[in-house]
Amino acid sequence: MKTEDETKETRASEIETDVFQPRVAVFHCRWCLPDEENVRSFLPAEVAKRASFMKLNCTGRMEAEFAVKALGAGYDGVLVLGCQIGECHYRTGNEQAWKRLALLSNILALAGVYPERLGVHWADPFDEGTTKRIVNSYIDGLLAIGPFK
Amino acid sequence: MTEEVRDNREEQAREIAGRLLTEGNVDGVLALLHVMDHVVPHLFTSREELAHLNISGHYPVAGVAERLLRRWDNNGRIAVIARGCDERHLIELAKKKSVNLDRIKIVGLACTVDEAKDCHCVRPFPTEVEVGRSVGKVDYLDHFALGELIRMDIAERRKFWTQIFDRCIKCYGCRNVCPLCNCEDCRLEEARWVRVGEIPPEYPSFHLIRAVHLADKCVGCFACERACPMGIPLGKLHQLIRDYLQSVYGYEAGRDPDERSPIQIDVGIGPDVLQGLRRGGED
Chain D
1 MKTEDETKET RASEIETDVF QPRVAVFHCR WCLPDEENVR SFLPAEVAKR ASFMKLNCTG
61 RMEAEFAVKA LGAGYDGVLV LGCQIGECHY RTGNEQAWKR LALLSNILAL AGVYPERLGV
121 HWADPFDEGT TKRIVNSYID GLLAIGPFK
Chain H
1 MTEEVRDNRE EQAREIAGRL LTEGNVDGVL ALLHVMDHVV PHLFTSREEL AHLNISGHYP
61 VAGVAERLLR RWDNNGRIAV IARGCDERHL IELAKKKSVN LDRIKIVGLA CTVDEAKDCH
121 CVRPFPTEVE VGRSVGKVDY LDHFALGELI RMDIAERRKF WTQIFDRCIK CYGCRNVCPL
181 CNCEDCRLEE ARWVRVGEIP PEYPSFHLIR AVHLADKCVG CFACERACPM GIPLGKLHQL
241 IRDYLQSVYG YEAGRDPDER SPIQIDVGIG PDVLQGLRRG GED
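Quick mapping for you: the protein sequence lines, in order, are chains D and H. Residues in the first sequence are numbered from 1 upward in steps of one, following the numbering used here. Residues in the second sequence are numbered from 1 upward in steps of one, following the numbering used here.
To be clear, the hints were calculated from the coordinates, so they are not data collected in a lab. Errors might be hidden in some of the hints.
Unchecked claim - Some chain D residues close to chain H (C-beta under 7 angstroms, calculated; not the full set): (1) MET54; (2) LEU56; (3) ALA64; (4) GLU65; (5) PHE66; (6) LYS69; (7) GLY72; (8) GLY74; (9) THR92; (10) LYS99; (11) LEU103; (12) LEU104; (13) ASN106; (14) LEU110; (15) GLY112.
Stated by the list, open to error - With a straight-line cut-off of 20 angstroms between C-alpha atoms, the simulated SDA-like cross-links for lysine to any residue are: (16) H/LYS170 / H/ARG151; (17) D/LYS149 / H/LYS96; (18) H/LYS96 / D/GLU63; (19) H/LYS236 / D/PRO147; (20) D/LYS55 / H/ARG192; (21) H/LYS159 / D/LYS55; (22) H/LYS159 / D/GLU63; (23) D/LYS149 / H/ILE164.
It should be emphasised that the depicted structure is a prediction, and the values quoted were computed from it without experimental measurement. We put the beta carbon where it would ideally sit given N, CA and C, even for glycine.
Could you put the whole structure together from the sequences, leaning on the hints where they help?
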């Protein structure tokens, strides 16, 4: 026989498993964010558990097709984290990525995918607080629009 | 458009082709051949054949020109009777170094209003018109109900496109007909990118991989849309993407062989370029 408190607890955990937790594909630059564990720490714990992390040599390697493929493969969102504009190790890799992702964002919107599923942040490695805040508000956005499939 | 005008264009085309062949500056004239109620691309090499030259058929001949020149030795030179879209295809192929424009003499063919409407074409004329008369630029929004798609919200578009993409039988007609889809290894055939041997293809990978790959190359010929046996309005999707590049960068594919795509070169990054991109939850 369970006590009232125990029953409550079981219910709470049941409810929690029903709550939608987005699956996110995270692409991060190896120059500003080389440590995967560090990137993981920016995400809420539940989301980090289901997320996949792909380390790129530069966000300039980020093809729009990567994001499209991730969405097709069952991810709810794609997050790209790279160096701040002007700080790219290869000078303009992140700018190239930005143009491509802006184009993709537009194509996604035309094809009926919420462009909010695509998150891009140029992170300052010395300001993890800001990165964490922005990543979390991106996740909040995903929670608001719900699962992709 | 009357029959009379069409005959006139055909006569004009035959006359120019005949002259080019007689002068001997070119080894052949690439155009459409009327045979058994169909048109096929054909390299005309003698004046006698020209009686069956057809100009009212729709077929993107640029891909044929590319393959033809690639197989020939480097001295071969051909003339192509090219509509506006064919010329833009050739220019885009030249940018990819797939064709050498020095080996091609473009004979510009202007489309009629009906043809332009049929193809939803925004720019139904080549830079230099030698056959027919240019009907000028067409504002497609008036004609082609694209506005409807623009007015939909994201959820409505999702419903619209999933229903439509679900019809896809993966015949690859859109890819095969497109002169600019000439990669030797196609991602749409690779298991790493799409599920092979399954229809309908998964949303959105299959169609959007092609869309992003062609985004800054598509010249808006609508050949994919016409080739699709399931009536998927791919051309309209591409037209809207072309609109984006036009509005943000003022770039239009197929205009000038020396003009590079802003997506592929370093153009700096002004705030207007960022339009349309939602940065991760930035406030």
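Quiz item: Checked against the structure, which of the hints given earlier come out wrong?
Solution: 1, 2, 5, 8, 16, 17, 19, 21, 22
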